[in-house]
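**Student:** If you want the building blocks of each chain, they are given just below.
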Amino acid sequence: MGRALQRTAIYVVLGLWLVAVVLPLGWVFVNSLRSSQEFVANPFGLPWLFTGGPEGHARAEAWQQAKANYAKAWVESHFSSFFVNSVIVTGCSLVGIILISAMAAYVLARFRFRGGRALFLYFISGMMIPAQLVLVPLFFQFTWLSRAGSRLLAPFGLELRLHDSLSGLILIYVALSLPFTILVLTGFFKTLPGELREAGIIDGCSEYGVFWRIMFPLARPGIVTAAIFNFIGLWNEYLFALVFVSSAAKKTLPLGLASVSMQSQYKTDFGLMFAALVIVIIPTLAVYMLLQRQLTSGITTGALKG
Amino acid sequence: MKQAAVWMSMNLALGALLCACDAIRPPADQSVGGALVEVAVFEGGYGIGWHQKIAQQFNDERRAQGVQVSLWGDPRVQDKIKPRLLRRDPPDLLLMHQLPFWLLVSAGKVLPLDEALNQPAYGAEKPWRECFLPGMLQSYTSGGKVYAVPSSLGAWACWYDARLFREHGWSVPSTWGEFESLCERIQEAGIAPLAFQGKYPRYAWFTLTALIQRCGGLAAINRDNRMDAGAFSHPDVVRAAGLLQSLAVRFFQPGAMAMTHTESQLQFVNNRAAMIFCGLWLVNEMKATIPAGFEMRCFNVPLVEEGKGNPNLFNGMGLEYVFVPTDARHPKEAADFARYLVSPRNAPDMGRSIGVISPLRGGTPRDTVGPPLQSALDMIERAQGFFNDRLSDLMLAWDNQVMQPNLAALLRGAMTPEAFGAALDAGIAAARRNPDLVIPEYLPFDPVAFGETP
Amino acid sequence: MTERTSQRVFAGVFLAPAFFLFTGFVALPGARALLYSLQKWDGLGRAEWIGLENFARLFQQGDLFLKALGHNLFIMGAAGSSVIGLALLFAALLHRRIRGAQLFRVAFFFPNVIAAVAVALLWVLLYSTTHFGIVNAFLAQVQSGCHALGWTWPNWRLPVPFLDSRFLIYSVVPMIIWEVTGFYMVLFLAAMEGIPESYYEAAKLDGATGFQQFRHITLPLIREVLTVGLVFLMISTLKFFDAIWVMENQTPTRDSHVLATLLYQKVFTEYNVGYGSAVAVCLFVLVFLGTLVSLRLSRAERIEY
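Protein chains in written order, with the numbering used here: chain R, 1 to 306; chain P, 1 to 454; chain W, 1 to 305.
The set of hints was computed from the structure by calculation and includes no laboratory data.
Be aware that a few hints might be false.
[As the list claims (entries may be wrong)] Some, not all, of what chain R presents toward chain P, calculated at C-beta under 10 Å:
(1) Ser36
(2) Phe142
(3) Lys250
[Claimed, not checked] Away from chain P, derived, C-beta distances all over 10 Å, residues of chain R:
(4) Ala9
(5) Ile10
(6) Tyr11
(7) Gln64
(8) Ser125
(9) Lys190
(10) Gly194
(11) Glu195
(12) Ile282
(13) Thr296
(14) Thr301
Virtual Cβ for every residue (Gly too), placed ideally from N, Cα, C.
Assemble the whole structure, with the sequences as input and the hints as a guide.
**Tutor:** Structure (structure tokens):
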């Protein structure tokens, strides 16, 4: 009897939190299927898309509305371009972060040389630097780097613009993610057996070959963990994008979402707003669902990513 | 060794790929083979469609000279522009507000427009300067130079639904006493008398400024704008604050203090609240959501009994000013486009297309706008002139950290009018101690010229 | 070429990209921030050395900085304690291998992977004072339900203006709890699953209740992860930015500023680079101390099972 009661209590507590977590998200999704007029008239009920409206609104019409919300977000509000920008920035950054960190981490973990420990600590000290500290100096640094670069490139009829470019953002993201990723991967490379390298060398591999053909593939679990946490962080990054990107053509998703929310305030377009929210949420949801096992098993690592 | 070279070059290639994918590009000018003028515009309720149309028109006329305008807008354009001014890569022409304008002017970051102002206006035989309504350029003048020109005329008014008023037999009040009793009658009818954009207390600041003029005349406005010691503790200001407070406490819609401008204005157009104080942009901002049959009209802030101010004046100013930053790549072309944008030739179309009233004399003929704005034009025509507050644009930190929170407290009834005035004065005194603050000279409004006895 | 030299070349080639990127885009800018904080500079004209004046200004009575820091500390205390408490509770419940544990684990974690901007906008809608604000609608239901039962309580003045600047700092607390509890739950759960089952069996033989097992076995054994989580939470609340920035439409007021928003506003909207950098340096000192502690603790001797 007591046991059953206890069990029920547990389920009630967990169930309440489940509702609190899932309900708002479901609400967003459902509302993205309503027109603004419907949202104002019927914010909590089932969408007219499923029930038909009060005055016998045709379902076809509601369906058109739902599609219109997404079309408006995707095309008119340029979410397609925000999306592509986010994919480019996150993708390039991840490739850069993983490759550069893995190379450094491999050397730091497997080779003993003078200053190696100091160098490792130098990288790790970056974890104690909040991104906000480097934000302002980087901003001015980009200005003079761009000016210097443009002077060099002028003879070729080109100019360098680190501000307002995806590349600039990628550069920053890579640099800022290095400490965390190097820490994780160094730890991982340390666990790999050292004999593998000798075996590789005997088989005629160079040091480069050993890294690329043997060590890098073996480090996959560590790399995946580091990549997931970096992915979530970068896909959702707002502050740096806000400072370094100002033109509409270079906006990433969080930036685009924030500005659409401002616009929808001036135009009172709720349908657009909800559709935009769904577009931002879906990719992380998908990645999370696919990789949640690796993510939850690497969670202790994630806690180090400040 | 060969492999080291291969890896190194792979690194470099990767780096180049990552960095150069869009950071290295040909200068934008190359695409037009001449001067590409970048124009950034505040995108509010009006949208930017009209501005783009004018830019297109301009481009068609200038194609031969190789001058092309590329115009973009954003609701938070000032936040986009501030960093760009800081990185010395601003657009060539800016149309917006809420910038630390005078800081920029004093740092030499804004070009004077006098040369363009002395050239003939597009669509008129006289210099551009002389086309503006009197007093329009005053707010942007310092040391005899004009650093910006307004592109629209803003006016503060109280909006109502004429149909709702007709149905209930209410009439437009002309005195503050009538206004308050009207609010009572509306309340008795079960409707909230006033909607309010409480998330942005700034909206009440305009009403308060109008009330200060009604109570104390232009002399009081001058005192405040000059930042005289104790200007906001003056009995006239305290009285105005008291009137506003008693209005807010009794007649603002419940929950209004947490509503954004859109939310509260939606309450108004859906007749959940009968009236709302707002600028002329209200008409456009709510265009899409106004139900059929809603007759939006406005009246000036009513006169206050025994007040010293001329009740026909209105709280207004040239808004959305246009200026050319010093770091612009094409300052001449930018100033030329400014003269084209704000011209007698294009002003009527601005009224017709987006319902914006022009800061030019006779720029907006009555038949170019709908009934809501016609009622605003009536109000403007009745007035001999306008007045405005300059502090909220001049001292952004004070506005944000002192004025708005204290104003919110006043409206909630959490602060007496006396304490409110004292807090504003103390805030001004503190703000003036800030060595970074730039205060341009003040050109006062002349009470006598506007029919007031000082 | 000797093997030794080629190894050196190899190490150099592999370390160089990370070293230069990190130095050029993290370490040097970090050092430069320290210099900026000692200057009076509007970012446009000439900089002027003023020593520690910026810091003196920060700690003046009534300055925004202290107010903002207070808000960070409030969020840290209020949200932090609730998050740790709830996360421990949920982890302990799930640790009992109940049916559907996997579902709960996956769902609870989810808000964590959503962009903070999206979460903030979602909560703006939930908190709305208009009729579609779900939180206010819920409170109204509760209130009328209670009144229907003949109670005189509660007497809330509805709608509650959650998004009013004055209340925003309080209003973000439930949002943060909603957003991050799942992360810490999974973190603690992972630690709990590392505890050998035999410990619990032994305890059961001794007649320990569920709570006693939690208190005397689980808690001590996950203490290390618990501290790491706590410190991480503290750091992330110090850096809190996105939600306030979005919910305040990019213009936080005296009542709603946190350190990061103050930094942004001072530098990029008020052009006071020196002051803003001084805020950044203070933030750095706090985070530095926090991270130092966390790294120390996470390397502390592990309990051998």
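**Student:** A separate judgement is required for each hint: does it hold in the structure or not?
**Tutor:** Hints versus structure:
1. Satisfaction of the interface hint for R/Ser36 is found here, the shortest Cβ-Cβ separation to chain P being roughly 8 Å, below the 10 Å cut-off.
2. For the restraint placing R/Phe142 at the interface with chain P, the shortest Cβ-Cβ distance is roughly 7 Å, inside the 10 Å limit, so the hint holds.
3. Evaluation of the R/Lys250 hint against chain P yields a held restraint, the C-beta minimum of about 8 Å falling below 10 Å.
4. Look at R/Ala9: its CB is around 36 Å from the nearest CB on chain P, clear of 10 Å, so calling it non-interface holds up.
5. For R/Ile10, the requirement that its beta carbon stay farther than 10 Å from each beta carbon of chain P is met, with the minimum near 37 Å.
6. Every beta carbon of chain P lies more than 10 Å from that of R/Tyr11, the smallest distance being close to 36 Å; the non-interface claim holds.
7. Every C-beta of chain P lies more than 10 Å from that of R/Gln64, the closest at about 18 Å, which supports listing it as non-interface.
8. A cut-off of 10 Å between C-beta atoms confirms that R/Ser125 is not in contact with chain P; the least separation is 23 Å.
9. Listed as a non-interface residue, R/Lys190 keeps its Cβ farther than 10 Å from every Cβ of chain P; the least gap is roughly 22 Å.
10. Against chain P, the non-interface label of R/Gly194 holds: every CB pair exceeds 10 Å, the least being about 21 Å.
11. Taking the minimum C-beta to C-beta distance to chain P, about 22 Å, the non-interface status of R/Glu195 holds against the 10 Å cut.
12. Distance check for R/Ile282 against chain P: the nearest CB is about 25 Å away, which clears 10 Å, and the non-interface claim stands.
13. Separation of R/Thr296 from chain P is adequate, the least Cβ-Cβ distance of about 31 Å exceeding the 10 Å criterion.
14. Once the 10 Å rule is applied to beta carbons, R/Thr301 is consistent with being away from chain P; the minimum gap is 25 Å.
Of the hints listed earlier, there is not a single one the structure fails to meet.
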